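Novice: Under our numbering, the sequence shown has 79 at position 14, and the numbering climbs by one with no breaks.
By construction, these hints were calculated from the structure, which means they are not laboratory data.
Below, in silico cross-link-like pairs of lysine-lysine (DSBU-like), each with a Cα-Cα straight-line distance of 35 angstroms or less:
(1) K200 with K100
(2) K124 with K169
(3) K124 with K355
Simulated DEER-style distance windows between Cβ atoms:
(4) E151 with V232: 40 to 48 angstroms
(5) L194 with P333: 16 to 24 angstroms
(6) K364 with E151: 38 to 46 angstroms
(7) K169 with P333: 23 to 31 angstroms
(8) G228 with E267: 21 to 29 angstroms
(9) K169 with C234: 36 to 44 angstroms
(10) L257 with N306: 34 to 42 angstroms
(11) S337 with G249: 27 to 35 angstroms
(12) L359 with R251: 37 to 45 angstroms
(13) D294 with E85: 34 to 42 angstroms
(14) N152 with Q175: 23 to 31 angstroms
(15) Q363 with D273: 32 to 40 angstroms
(16) E165 with K265: 36 to 44 angstroms
Values in this document were obtained by computation on a predicted structure and should not be read as measured data.
Note that CB positions come from ideal geometry on N, CA and C, so glycine has one too.
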Amino acid sequence: MKKLFLAIFFLSLGYIAKAEEKQITTSDGVDLYVKVEGKGIPCLYIHGGPGSGSYWFEKFFGDFMEDHFTVIYLDQRGVGRSGSPENGDYSMERMAKDFEEVRKALGYDQWLTLGHSFGGILQMGYAELYPQAQKGMMMIDCTLYLNDSFCQSWAPKASEFLGEKYVGCENDTLPLLERMGDLGNRLREKDLFWKMAYTKKESQAIMDSTYLKFEKWNYDFGNAALSLDDYWKNYLPDTKNIEIPVLFFHGAQDFMVGPDHYKKVQFPHMLSVEFNGGHIPFQENKEDLKKAILAYVQKFHFQV
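Generate coordinates for the entire structure from the input sequences, incorporating the hints supplied.
Specialist: In structure tokens:
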């Protein structure tokens with residue numbers, strides 16, 4: 066009887082615990098992997114990469130999130146357990162439309178989003194195209210302008226780890242994408258790439274091992290995204306026009322995005338939290354991230 070009463074009580078609030086894996090087919094025929102689990106206000110996880118998928122976050126931080134939110138784990142089109150578009154449409158407009166079609170298919174009027182890394186760019190594009198869809202945004206080690214992250218942090222820090230002096234983007238003879246590839250490949254050859262994102266070498270090995278769970282993983286979006294102009298837009302000036310509450314959680318040792326990137330962010334209603342860690346706090350800095358999320362919920366009066 067008590068369990069029935071509690072179920073009715075939480076259902077009356079719209080916050081009943083649920084766990085469901087499903088396939089949602091978009092209006093252009095792409096089958097998206099979606100998993101809904103937890104209780105509380107709905108929160109869409111917008112993964113980064115591009116192409117990293119939602120499983121990392123679920124594995125390392127899902128228990129906490131699902132205690133406080135109804136979490137929607139989505140593998141974006143061309144990623145992980147989701148299909149790819151026949152016409153190769155990976156535009157920002159189409160990606161944001163996917164988010165909207167998932168929201169409507171699940172029956173939510175609005176939701177929070179939590180983005181990681183490149184996911185911040187997707188959050189901003191979504192906010193621009195569908196301004197009423199998000200109640201708030203939690204941004205975890207997010208870049209809002211790829212050029213800034215690469216030229217001010219990624220390239221100079223990678224060069225430092227390689228024992229080289231970086232001349233700066235404006236003096237580089239290689240196109241930016243080629244320079245990224247060259248630096249990344251040489252870091253991997255010397256087993257140094259982990260320093261860009263992690264504070265401990267073993268953390269990267271643990272993270273990489275998570276992919277062993279899947280026999281097939283779709284890399285199509287990851288292979289296409291950085292060749293599209295949509296994702297190189299500078300969203301930093303647009304932050305001052307976003308009226309919804311934002312958590313901007315940034316690492317002092319996050320060299321993928323840049324430890325100073327947050328200084329250019331101007332959200333009017335923002336909780337900015339720095340932590341002493343790298344690019345993957347939901348693995349390495351869980352307690353710091355938990356405290357920041359709960360502080361954000363309390364500060365902006367979200368009922369979870």
